[in-house]
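Using numbering that gives the first Met the number 0, you'd call the opening residue of the sequence shown number 0 and step up by one each time.
Read the hints as simulated data drawn from the structure, not as lab findings. Errors might be hidden in some of the hints.
[Unchecked claim] Think about it this way: if two alpha-carbon atoms lie no more than 25 Å apart in a straight line, the pair counts; the simulated SDA-like pairs of lysine to any residue are:
1. Lys236 - Arg150
2. Lys367 - Gly392
3. Lys297 - Arg106
4. Lys111 - Lys178
5. Lys403 - Lys297
6. Lys206 - His63
7. Lys238 - Lys314
8. Lys402 - Lys206
9. Lys387 - Val325
10. Lys222 - Arg150
All figures in this text were calculated on a predicted structure; none of them were measured in a lab.
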Amino acid sequence: MTLFEDLKWRGLIKDIAGEESDLQKVLDGSPFSFYWGTDPTADSLHLGHYSSLCMAKRLANAGHHPVLLCGGATGRIGDPRPTAEREIISEETVNRNIQSIHNQIDRLIDGKAELVDNYDWMKDYTFLNFLRDIGKYINVNYMLDKDIIRRRLETGITFAEFSYMLMQGYDFLHLYQTKNCIMQVAGSDQWGNITTGVDLIRKVLDKTAYAFTMPLILDPTGKKFGKSEGNALWLDKNKTSAYEIYQYLINADDSKVLEYLKVFTFLSKEQIEDVYAQQQAAPETRIAQKTLAWEVVKDIHGKDEADNAVLVSQKLFAGDFSGLSVQDIKAGMKGVPSFPFEKDEPVIDVLVNNKIASSKREARDFLKANAISVNGKPLSDETALITKDMALGGEILIFRRGKKKYFIGEVK
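Throw the hints in and build the complete structure from the sequences for me.
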């Protein structure tokens, strides 16, 4: 398939500025520069950004030149949200976030991207000159008609947020002039900002620019993958471990897994269709989810981390904690009931005091039936003493009752 055909098959083209046939000619034609941008609202990108980075990587692999913008200027203002104004973050935080995000982007795009910061061309641009050069080209009625602005009019929108559209539109104009950047790619929630840039290029330069958006990737509940939605999976493994991403994706809903394979992996059409056919024939194997999870972790963190995530998953499923880090165990057992373990205690007391057993009699019955294990090892001695020295990594004690009921004691 051509690049355009591949993007269409993957469902990655939603809105197009201009004619689809023109976009197809550009995508499948000679190498060109394009840009994608994000604001440094955190010190890491997340899985919601990853679909856009995959798009940038697809275009780069096809020979096109990615210009990836981290908005030091727009990040100081904040992109309008549908509900309320964003909190202004300090300049020190913005600068620190930009450096962290630049490092992530450079690694994920294999060093192929040109990294830019719109603060570099906005910091000395006076308000008066911006109004004369840019503001006079964009009608207020045009801005009010944009969906994201219209939704905020009832609750109110500040002039700073209202102006964000002009700033992003100017970014496209500036990159067109200085980098010969003829295309912008973004999520569909940026459509109003993108078309403002296309219109500015036409009005100011009398030139044609190209743009398209990707559908927003949603979880099964209809929420975006984003930190404002409370379900962020960070690309920084110190914030979200490779295993956590693996575990999230291996539990992807059957109704979403084909979409995620197309969006988040670089497997070919034939490979994806083969995996999905195996999934349809034997859903219990979850081969599609396993393939998805391994491919994504491999691309974000490398093959060793992906292989380790598989190993951690297998060990935790088997109740074998040997050789696992405390971080991986906690990630794998997120949501398991926990309790503070503050002093050495007889096992009977630990079981009763922390509701692993309802009474001392039931605790003894569990122990006699070999239904209790500590850190993966069966325990039947009702006189045994549970001590802090037994804690894995000096931090946690893992109790299992029966085959599936886990409890974590956190050493204090």
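To see whether the hints hold, each was checked on the structure:
The straight-line distance between the Cα atoms of lysine 236 and arginine 150 is roughly 36 Å, outside the 25 Å bound, and the hint therefore fails. The suggested pairing of lysine 367 with glycine 392 is violated, with an alpha-carbon distance near 28 Å, which exceeds 25 Å. Only pairs whose Cα atoms come within 25 Å are accepted, and lysine 297 paired with arginine 106 is accepted, the gap being roughly 13 Å. Between lysine 111 and lysine 178 the alpha-carbon distance is near 15 Å, which keeps this suggested pair within the 25 Å criterion.
Proposed proximity of lysine 403 and lysine 297 is contradicted: the alpha carbons are some 29 Å apart, above 25 Å. A hinted pair counts as satisfied when its Cα atoms are at most 25 Å apart, and lysine 206 with histidine 63 qualifies at roughly 20 Å. For the hint linking lysine 238 to lysine 314, the alpha-carbon distance of about 22 Å falls within 25 Å, and the restraint holds. Annotation: proposed proximity of lysine 402 to lysine 206 is violated, straight-line Cα distance about 67 Å (limit 25 Å).
Proposed proximity of lysine 387 and valine 325 is supported: the alpha carbons are some 15 Å apart, at most 25 Å. Distance hint between lysine 222 and arginine 150 is fulfilled; the C-alpha atoms sit about 18 Å from each other, no more than 25 Å.
Of the numbered hints stated above, those contradicted by the structure are hints 1, 2, 5, 8, listed in ascending order.
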